[in-house]
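So the protein sequences, as listed, match chains A and B. Its first residue numbered 191, the first sequence is counted upward by one per residue in my numbering. Its first residue numbered 100, the second sequence is counted upward by one per residue in my numbering.
Just so you know, the hints here were simulated from the structure itself, not pulled from any lab data. Since the model is a prediction, treat every value here as computed from it, not as a measurement. Do not rely on the hints blindly, as some may be mistaken.
Claimed, not checked - Subject to a maximum C-alpha distance of 30 Å in a straight line, what follows is the list of computed BS3-like cross-link-like pairs (lysine-lysine):
{"hint": "1", "chain 1": "B", "residue 1": "284", "chain 2": "A", "residue 2": "365"}
{"hint": "2", "chain 1": "A", "residue 1": "246", "chain 2": "B", "residue 2": "174"}
{"hint": "3", "chain 1": "B", "residue 1": "284", "chain 2": "A", "residue 2": "238"}
{"hint": "4", "chain 1": "A", "residue 1": "238", "chain 2": "B", "residue 2": "117"}
{"hint": "5", "chain 1": "B", "residue 1": "255", "chain 2": "A", "residue 2": "215"}
{"hint": "6", "chain 1": "B", "residue 1": "171", "chain 2": "A", "residue 2": "215"}
{"hint": "7", "chain 1": "A", "residue 1": "246", "chain 2": "B", "residue 2": "171"}
{"hint": "8", "chain 1": "B", "residue 1": "255", "chain 2": "B", "residue 2": "166"}
{"hint": "9", "chain 1": "B", "residue 1": "286", "chain 2": "A", "residue 2": "352"}
{"hint": "10", "chain 1": "B", "residue 1": "174", "chain 2": "A", "residue 2": "215"}
{"hint": "11", "chain 1": "B", "residue 1": "255", "chain 2": "B", "residue 2": "174"}
{"hint": "12", "chain 1": "A", "residue 1": "238", "chain 2": "A", "residue 2": "215"}
{"hint": "13", "chain 1": "B", "residue 1": "286", "chain 2": "A", "residue 2": "365"}
{"hint": "14", "chain 1": "A", "residue 1": "215", "chain 2": "B", "residue 2": "166"}
{"hint": "15", "chain 1": "A", "residue 1": "238", "chain 2": "B", "residue 2": "171"}
{"hint": "16", "chain 1": "B", "residue 1": "259", "chain 2": "A", "residue 2": "246"}
{"hint": "17", "chain 1": "A", "residue 1": "246", "chain 2": "B", "residue 2": "166"}
{"hint": "18", "chain 1": "A", "residue 1": "352", "chain 2": "A", "residue 2": "238"}
{"hint": "19", "chain 1": "B", "residue 1": "259", "chain 2": "B", "residue 2": "174"}
{"hint": "20", "chain 1": "B", "residue 1": "255", "chain 2": "A", "residue 2": "246"}
{"hint": "21", "chain 1": "A", "residue 1": "238", "chain 2": "B", "residue 2": "259"}
{"hint": "22", "chain 1": "B", "residue 1": "259", "chain 2": "A", "residue 2": "352"}
{"hint": "23", "chain 1": "B", "residue 1": "255", "chain 2": "B", "residue 2": "171"}
{"hint": "24", "chain 1": "B", "residue 1": "259", "chain 2": "A", "residue 2": "215"}
{"hint": "25", "chain 1": "A", "residue 1": "238", "chain 2": "B", "residue 2": "174"}
{"hint": "26", "chain 1": "B", "residue 1": "255", "chain 2": "B", "residue 2": "117"}
{"hint": "27", "chain 1": "A", "residue 1": "246", "chain 2": "B", "residue 2": "117"}
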Amino acid sequence: MSTVETDLAGVVEDAAAHLYVWALKDIPQDLRDALADARLRETSIPGKRVLETIHKNVNIADRDNNLVCQDTGIAVYTCRVGEHFPLHPTRIYESLRNGTARATIDHPLRSNAVHTITRENTGPNIGYRLPIVHWEFIEDWDGLDVKCVPKGSGSENMSFLKMCVPADGVNGVKKFVLESIVGAGGKPCPPGIVGVGIGGTADFAMYLAKEAITRPVGTRNSDPLVAQLEDELYGLLNETGIGPMGLGGDVTVLQCHIEHADTHMTLNPVAVNYQCWAARRASAHISSNGETDFDREF
Amino acid sequence: MANHTVTFPITDPNEILKLRAGDEVTVQGHIIGIRDRTQIRIFDQGVEPPMNLAGAFLLHTAPGVRKLESGKYEKVCIGTTTSARMVRFTEPLGRQYGVRAICGKGGFPDAAIAPMTELGMVYFAIVGGAAALETTQIEEIEDVMWEELMPECLWKFRVKDFGPLTVGIDAHGNSLYHDVQTRAKAKLEELFARL
Chain A
191 MSTVETDLAG VVEDAAAHLY VWALKDIPQD LRDALADARL RETSIPGKRV
241 LETIHKNVNI ADRDNNLVCQ DTGIAVYTCR VGEHFPLHPT RIYESLRNGT
291 ARATIDHPLR SNAVHTITRE NTGPNIGYRL PIVHWEFIED WDGLDVKCVP
341 KGSGSENMSF LKMCVPADGV NGVKKFVLES IVGAGGKPCP PGIVGVGIGG
391 TADFAMYLAK EAITRPVGTR NSDPLVAQLE DELYGLLNET GIGPMGLGGD
441 VTVLQCHIEH ADTHMTLNPV AVNYQCWAAR RASAHISSNG ETDFDREF
Chain B
100 MANHTVTFPI TDPNEILKLR AGDEVTVQGH IIGIRDRTQI RIFDQGVEPP
150 MNLAGAFLLH TAPGVRKLES GKYEKVCIGT TTSARMVRFT EPLGRQYGVR
200 AICGKGGFPD AAIAPMTELG MVYFAIVGGA AALETTQIEE IEDVMWEELM
250 PECLWKFRVK DFGPLTVGID AHGNSLYHDV QTRAKAKLEE LFARL
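Looking at chain A on its own, in the form it has when it is part of the complex (with noise of 0.2 Å):
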């Protein structure tokens, strides 16, 4: 590698391992006032205990600079690369890569990552194509946004996938989130962000679900039809009463964000992908002479 590349690969690395810690430790503002917004509209018993105790906890995480979950999840990351971006993404990957393991080593976090038959842990939060990255190519740019979610098990393991015909309609397609988040019930830690794919083909249906996930909490699909049908299925969420926790209650989602894709005429695919209340994400813009700005929200 040239000078140049070998200074913008510790820099990326130096921004993975910030953003890990960062976005484990401070949720992003947007997620606080959803989070304030609920505990207004929260009626019932259970439900308002257990959004003052979220309230809670966010504020001691900040006083004790500790993490808001013990749950150090998956690192994900987003990456929207420039084509003009010094950096070719294989070292880009293995730069997040070292930042994860540093950031697990040092702080420490607790790491997560096993083999998926032997379950013998892995490594410091990498292993086998671990960290997951998402790719995007900007052309005509010359800089690198990355952004962190670090995505905890127990929202996770709350995805689901349904090949709806297209005879189903739109309808199938609201059917099918409603039930998946009726009989996710309390698991995933409710209430957080349901992320709905849909299109394309069955794998992509649900890349573009944990896509919606990273969203900032209620922003809107830039298709009118689509944006109409955040807006429908977030109401209808929250009249299942499944409430906060599961323990029942007015607030079942912050929100429920919506990406998609053309299909084939005869595919309708459905995925959802659930982030719980402590939907941690934080982000940063690299440019390509190594200046790094982490107060960048994508």
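Got chain A; can you put chain B on it based on the hints?
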């Protein structure tokens, strides 16, 4: 919905029988951390747990810790995991070892109701994800067994004002989870009719 303070381990079964689904509970004394691999070892591999579980309060956890030079463990961040994966251990925990309370997040399915009624056990709902708060309520990690299962060992914690917990399933056949699911499924029919 009443408020209670209960000190564990308990010796008087009435401490459990007085609790009703929906009540708020604060816990004092000692609690034991346990998780998937710990219970797989006890029940599927037949290894006797090297800790007395009579009258115990079990917490579904895999804590974040730091090992000190003395060999003791210091807390970093201790929170609670999803209980439903471990529901099949409820009955043998109560019958063979005298466990009286299981605490986790997300609830137990209906399979836990019958053994909890028969054996006088309760399920306590904690707020999942609220680990920063939970960590402040754990005063000390007093003992760790089966360190090779790290972090899914058997942990003994001394706690102070642990909670607030909600009685999710009581020893009288009531489950908030069952009630919420029953109402939600009826509601779904109504919502589907509106689509």
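The hints, checked one at a time:
| no. | hint | result |
| --- | --- | --- |
| 1 | B/284 / A/365 | holds, 12 Å |
| 2 | A/246 / B/174 | holds, 19 Å |
| 3 | B/284 / A/238 | holds, 23 Å |
| 4 | A/238 / B/117 | holds, 23 Å |
| 5 | B/255 / A/215 | holds, 26 Å |
| 6 | B/171 / A/215 | holds, 25 Å |
| 7 | A/246 / B/171 | holds, 29 Å |
| 8 | B/255 / B/166 | holds, 15 Å |
| 9 | B/286 / A/352 | holds, 22 Å |
| 10 | B/174 / A/215 | holds, 16 Å |
| 11 | B/255 / B/174 | holds, 12 Å |
| 12 | A/238 / A/215 | holds, 23 Å |
| 13 | B/286 / A/365 | holds, 12 Å |
| 14 | A/215 / B/166 | holds, 21 Å |
| 15 | A/238 / B/171 | violated, 38 Å |
| 16 | B/259 / A/246 | holds, 17 Å |
| 17 | A/246 / B/166 | holds, 28 Å |
| 18 | A/352 / A/238 | violated, 33 Å |
| 19 | B/259 / B/174 | holds, 15 Å |
| 20 | B/255 / A/246 | holds, 25 Å |
| 21 | A/238 / B/259 | holds, 23 Å |
| 22 | B/259 / A/352 | violated, 46 Å |
| 23 | B/255 / B/171 | holds, 12 Å |
| 24 | B/259 / A/215 | holds, 24 Å |
| 25 | A/238 / B/174 | holds, 28 Å |
| 26 | B/255 / B/117 | holds, 25 Å |
| 27 | A/246 / B/117 | holds, 28 Å |
In this structure, the earlier hints numbered 15, 18 and 22 are contradicted, and the remaining ones agree with it.
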